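In case you want the letters, here they are:
Number of protein chains: 2
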Amino acid sequence: MAKILCVLYDDPVTGYPKSYARDDVPKVERYPGGQTAPTPKRIDFKPGELLGSVSGELGLRKFLEEGGHRLVVTSDKEGADSVFERELPDADIVISQPFWPAYLTPERIAKAKNLKLAITAGIGSDHVDLQAAIKHGVTVAEVTYSNSISVSEHVVMMILGLVRNYIPSYQWVVKGGWNIADCVARSYDLEAMNVGTVAAGRIGLAVLRRLKPFDVKLHYTDRHRLPEAQEHELGLTWHPTVESMIKVCDVVTINALLHPETEHLFNDALIAKMKRGAYLVNTARGRICDRDAIVRALESGQLAGYAGDVWFPQPAPADHPWRSMPHHGMTPHISGSSLSAQARYAAGTREILECWFDKRPIREEYLIVDGGKLAGAGAHSYSVAKP
Amino acid sequence: MAKILCVLYDDPVTGYPKSYARDDVPKVERYPGGQTAPTPKRIDFKPGELLGSVSGELGLRKFLEEGGHRLVVTSDKEGADSVFERELPDADIVISQPFWPAYLTPERIAKAKNLKLAITAGIGSDHVDLQAAIKHGVTVAEVTYSNSISVSEHVVMMILGLVRNYIPSYQWVVKGGWNIADCVARSYDLEAMNVGTVAAGRIGLAVLRRLKPFDVKLHYTDRHRLPEAQEHELGLTWHPTVESMIKVCDVVTINALLHPETEHLFNDALIAKMKRGAYLVNTARGRICDRDAIVRALESGQLAGYAGDVWFPQPAPADHPWRSMPHHGMTPHISGSSLSAQARYAAGTREILECWFDKRPIREEYLIVDGGKLAGAGAHSYSVAKP
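Keeping their order, the protein sequence lines are chains A and B. When the letters of the first sequence are read in order and numbered with the working numbering, they come out as residues 23 to 409. When the letters of the second sequence are read in order and numbered with the working numbering, they come out as residues 23 to 409.
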């Protein structure tokens with residue numbers, strides 16, 4: 023009998039919304055490369071619902087209570103008095119989402135004596151101190167690939183939106199104008215531009231694939247070089263360093279993990295090496311960019327636009343300068359939380375819990391930390407300091 | 023010595039903007055299929071400038087004045103007292119753009135005794151009464167393909183923007199919120215959806231090509247069936263009627279010409295046959311949709327979103343209901359007027375004028391009406407009532 027502590031984003035307690043814009047979400051059976059979408063034995067929710075919210079409870083309540091477990095769901099996660107902090111000491115399992123993360127610091131992990139499993143409903147476990155998880159024998163798992171394609175769509179949308187000057191032009195419509203000059207004076211075609219991705223993992227590669235028919239010149243930099251056939255198929259130019267890539271790019275998209283080498287990678291010095299008027303899109307992690315350097319570059323015109331949906335901290339405070347800087351196309355951290363993605367990561371969370379309670383192995387590809395070491399996906403993507 | 027009357031969109035007389043977001047636009051040499059981009063002997067402008075505006079003069083003044091011609095440029099085109107109306111009677115050549123059209127009605131053509139050539143700087147000559155042009159021996163030409171790809175990019179951007187709920191989520195950022203539930207309750211992935219285009223000409227086909235790697239199911243309806251190899255390559259399902267296509271589609275994009283069969287095609291009856299919660303994107307012509315039927319469908323939830331950049335009339339009045347209807351992602355008519363596109367259609371306009379003054383033939387693919395009949399591109403795309 024376990025206690026599951028689930029930190030989810032808020033919505034009105036009565037449930038939200040009353041009705042959905044659409045009756046269903048298309049079913050995705052497999053991801054590129056062949057990995058199957060989550061395969062829980064059963065689900066108790068309807069794909070397309072707002073599952074990741076407090077009222078949605080990731081569709082887990084019935085399943086957990088029938089199994090005799092206790093589910094605590096809250097959005098209150100900040101400060102010593104928060105529900106999360108109070109419920110953590112006897113929790114066996116913690117679940118949260120990267121854009122509303124329950125930060126599992128070394129102190130909290132030390133305090134959570136019963137904690138055995140931390141699940142990211144989604145992808146990205148940098149809110150968990152992996153070193154501490156390893157030390158305390160906590161298994162860390164995430165729903166690998168569940169929303170990678172969602173994010174890649176967001177990236178393409180934002181690139182087009184910035185380059186074509188979408189949102190300011192929309193705003194002229196709403197204001198009642200027909201100011202063609204004001205709309206198009208910053209509107210370009212993406213065609214024939216040089217577009218590069220920092221890292222070509224699942225998301226970066228999916229972005230490259232989607233951009234291919236736009237007749238752009240595609241670039242990437244990544245420690246792991248892609249297979250030659252893939253480079254050839256997509257017409258990719260590989261760069262050994264970020265510097266060599268960003269110099270030639272009109273558009274740069276960041277699809278890298280946050281680690282010491284990528285933290286504040288895009289600072290004044292690097293941005294100064296970009297082409298004047300380049301666009302930068304970051305849906306990876308906010309801290310990969312130096313917050314104030316981005317603002318300065320937009321104000322000076324060194325960057326023509328910045329978009330993304332990752333911030334630091336999250337939630338972003340109301341006075342975060344990225345909310346008001348010029349020429350931005352930001353969203354809150356939502357790119358991986360479309361209703362389509364929520365259906366997949368809710369199912370994946372259920373699959374992980376079913377395996378856990380049945381004492382069946384969790385899929386290798388979902389594991390970040392297991393048995394006191396980096397495992398599965400974690401061994402590929404994360405690193406921890408040597409002890 | 024000819025008088026050229028050029029109707030362009032307005033901007034501050036001093037020129038706008040003072041500096042551009044970018045230093046250049048990538049050069050496109052050829053369009054898909056092999057047609058070359060415009061090949062004037064020379065240009066007197068820098069690609070990337072705001073050429074289609076009154077201050078930009080399509081980069082033509084030097085060229086025309088050196089040739090001894092007279093260039094009159096104005097944005098004032100409405101009403102009997104407008105500069106356009108006053109300057110028309112002795113104009114030899116009229117130039118305008120589809121989103122700021124100099125309507126050449128039968129009455130005006132009858133009045134313009136010297137008129138020999140009407141050029142669309144861009145694509146789409148439905149602002150010219152072709153029957154009257156034929157009758158009065160006016161040649162009608164447009165810069166075919168100059169901005170087709172631009173529009174196709176706009177379509178993909180708008181589809182992603184509607185499906186993923188981009189603009190409302192952006193607005194939460196600006197308002198200072200972190201309302202994940204409010205953002206994602208209407209956010210879906212495009213992946214695996216059914217997407218169909220009404221017509222698969224240059225723009226429709228370019229849209230289909232760009233959507234292919236999004237792993238959607240692609241549909242089209244068109245009188246002209248595409249070659250089997252193309253259908254196979256893109257995985258297209260052809261539909262004999264609009265009705266049979268829209269029934270199965272989550273997203274419908276309109277890329278058809280305006281003619282009697284497409285005028286008000288999307289009315290209450292047709293929209294009622296769409297899937298509830300479908301998205302409609304129209305960058306073709308405003309009158310292909312019934313204005314108030316669109317508003318009703320968005321208000322009832324039959325459509326989950328509507329975007330596009332074509333209106334009727336143009337400019338749209340400040341109280342046009344499409345400016346304020348729910349769940350829209352409209353822009354003014356700008357999709358074909360990125361600075362990249364303006365460079366091409368300004369060069370194409372120059373090419374047409376060079377041919378005209380040199381008495382060399384205008385490219386077949388630019389001609390809509392010539393020698394008293396539909397010609398070139400016009401013969402393929404337009405129809406006029408039999409006399």
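What the hints contain is simulated information worked out from the structure, not anything from laboratory work. Only a predicted model underlies this, so the values are computations on that prediction, with no experimental measurement involved. Treat the hints with care, as some may be off.
Chain copies aren't distinguished; within one or between two, either way the pair holds.
Pairs of lysine-lysine residues, derived as DSSO-like cross-links and limited to a Cα-Cα distance of at most 30 Å, are as follows [what the hints assert, rightly or not]:
1) LYS63 to LYS269
2) LYS49 to LYS234
3) LYS68 to LYS297
4) LYS234 to LYS68
5) LYS269 to LYS49
6) LYS138 to LYS68
7) LYS49 to LYS239
8) LYS135 to LYS381
9) LYS269 to LYS395
10) LYS68 to LYS295
11) LYS133 to LYS234
12) LYS239 to LYS395
13) LYS269 to LYS68
14) LYS234 to LYS135
15) LYS135 to LYS68
16) LYS84 to LYS138
17) LYS63 to LYS239
18) LYS381 to LYS269
Each hint, compared with the structure:
| no. | hint | verdict |
| --- | --- | --- |
| 1 | LYS63 to LYS269 | neither (50 Å within a copy, 33 Å between copies) |
| 2 | LYS49 to LYS234 | both (25 Å within a copy, 17 Å between copies) |
| 3 | LYS68 to LYS297 | between (47 Å within a copy, 19 Å between copies) |
| 4 | LYS234 to LYS68 | between (34 Å within a copy, 28 Å between copies) |
| 5 | LYS269 to LYS49 | between (40 Å within a copy, 18 Å between copies) |
| 6 | LYS138 to LYS68 | within (29 Å within a copy, 64 Å between copies) |
| 7 | LYS49 to LYS239 | between (32 Å within a copy, 12 Å between copies) |
| 8 | LYS135 to LYS381 | within (21 Å within a copy, 89 Å between copies) |
| 9 | LYS269 to LYS395 | neither (39 Å within a copy, 52 Å between copies) |
| 10 | LYS68 to LYS295 | between (49 Å within a copy, 25 Å between copies) |
| 11 | LYS133 to LYS234 | neither (49 Å within a copy, 50 Å between copies) |
| 12 | LYS239 to LYS395 | neither (40 Å within a copy, 42 Å between copies) |
| 13 | LYS269 to LYS68 | between (47 Å within a copy, 23 Å between copies) |
| 14 | LYS234 to LYS135 | neither (50 Å within a copy, 50 Å between copies) |
| 15 | LYS135 to LYS68 | neither (35 Å within a copy, 68 Å between copies) |
| 16 | LYS84 to LYS138 | within (22 Å within a copy, 77 Å between copies) |
| 17 | LYS63 to LYS239 | between (44 Å within a copy, 28 Å between copies) |
| 18 | LYS381 to LYS269 | neither (51 Å within a copy, 46 Å between copies) |
Violation of the numbered hints given earlier is confined to hints 1, 9, 11, 12, 14, 15 and 18; the remaining hints are satisfied by the structure.
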